[in-house]
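One letter stands for each residue in the lines below.
There are 2 protein chains.
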Amino acid sequence: MISPRCAACKYLRRRCPSDCIFSLYFPPNDPQRFACVHKIYGASNVAKILQQLPSNLRAQAADTLYFEAQYRIQDPVYGCVGIISQLYQQLHDAESELAKTQAEIAFLNCNPQEEVQPIEANYSANFNYLLPDQYCHPSTQNSWFS
Amino acid sequence: MISPRCAACKYLRRRCPSDCIFSLYFPPNDPQRFACVHKIYGASNVAKILQQLPSNLRAQAADTLYFEAQYRIQDPVYGCVGIISQLYQQLHDAESELAKTQAEIAFLNCNPQEEVQPIEANYSANFNYLLPDQYCHPSTQNSWFS
Numbered sequence: 001m002i003s004p005r006c007a008a009c010k011y012l013r014r015r016c017p018s019d020c021i022f023s024l025y026f027p028p029n030d031p032q033r034f035a036c037v038h039k040i041y042g043a044s045n046v047a048k049i050l051q052q053l054p055s056n057l058r059a060q061a062a063d064t065l066y067f068e069a070q071y072r073i074q075d076p077v078y079g080c081v082g083i084i085s086q087l088y089q090q091l092h093d094a095e096s097e098l099a100k101t102q103a104e105i106a107f108l109n110c111n112p113q114e115e116v117q118p119i120e121a122n123y124s125a126n127f128n129y130l131l132p133d134q135y136c137h138p139s140t141q142n143s144w145f146s
Numbered sequence: 001m002i003s004p005r006c007a008a009c010k011y012l013r014r015r016c017p018s019d020c021i022f023s024l025y026f027p028p029n030d031p032q033r034f035a036c037v038h039k040i041y042g043a044s045n046v047a048k049i050l051q052q053l054p055s056n057l058r059a060q061a062a063d064t065l066y067f068e069a070q071y072r073i074q075d076p077v078y079g080c081v082g083i084i085s086q087l088y089q090q091l092h093d094a095e096s097e098l099a100k101t102q103a104e105i106a107f108l109n110c111n112p113q114e115e116v117q118p119i120e121a122n123y124s125a126n127f128n129y130l131l132p133d134q135y136c137h138p139s140t141q142n143s144w145f146s
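Going line by line, the protein sequences match chains A and B. Under full-length UniProt numbering, the first residue of the first sequence is numbered 1, with each subsequent residue one higher. Under full-length UniProt numbering, the first residue of the second sequence is numbered 1, with each subsequent residue one higher.
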């Protein structure tokens, strides 16, 4: 019985050798996965990255290469760095809110008769609004591109 | 006067044409920058990504490609996705701490004679400890690789 070629060998129109570096991580039922990493890194660069790793780490490396390639295709300017900028900004917002809340507790401890109004919900932990114009917070850029 | 070749053309041992796609973003005084993106993406893939963009976005794209390439060289398994996992985990921790603090304010408002002890500093917004064994928080993996 001839085993089916992996997605990479199918894409590259070649025979799939028994020791194919791609076959375990790019199965034939998901051709888009290889097409995606091929478009951004090229087959030989993906092979090089996988080959330099011990076999137990290759699946995770293939997953993260695919993840980064998807985001670079979706957003050719920022790629994954757009997500990093977003998360960094959200973390900064959460920290500011936390500091503010801790200051309110300190105030309440010193003034037990006072009442503090609930904090306005101006902080939102929503990971889905990865909008291009929000990627480039200046503080983020200074931190990550230095 | 012959203008100096850009870092890419020097690396590729070729003449630097006047309309070189790399020259503005890979200056000759920073050869490492091109060597880095070349190692991960290859020259032709970097050129393709830059060429598809309007010229005012290319510098930012070159910066983010360099950033991602650096992290992939530093950490061939996780690359930039390691940073994303870290930030995601830190954000989750900050949110938990914020929720806890808000609950304490609500408690103080209902029990004005009570005193709440300052929150222990078990949350630390330190971006420098990007350690490999902290990359793979299960909740992060579920969210980002689905």
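Be careful, since some hints might not be right.
Quick list of in silico lysine-lysine cross-link-like pairs, DSSO-like style, CA-CA up to 27 Å [unchecked claim]:
no., chain 1, residue 1, chain 2, residue 2
1, A, 48, B, 100
2, B, 48, A, 48
3, A, 48, A, 10
4, B, 39, B, 10
5, A, 10, B, 10
6, B, 39, A, 48
7, B, 10, A, 100
8, A, 10, B, 100
9, A, 39, A, 10
Just so you know, these hints were derived from the structure itself, not from any lab. Quick caveat: nothing in here was measured; it's all calculated off a predicted structure.
Status of the hints after comparison with the structure:
no.	hint	result
1	A:48 x B:100	47 Å, violated
2	B:48 x A:48	21 Å, holds
3	A:48 x A:10	19 Å, holds
4	B:39 x B:10	15 Å, holds
5	A:10 x B:10	36 Å, violated
6	B:39 x A:48	10 Å, holds
7	B:10 x A:100	53 Å, violated
8	A:10 x B:100	53 Å, violated
9	A:39 x A:10	15 Å, holds
Figure legend: structure checked against the earlier numbered hints; hints not met, in rising order: 1, 5, 7 and 8.
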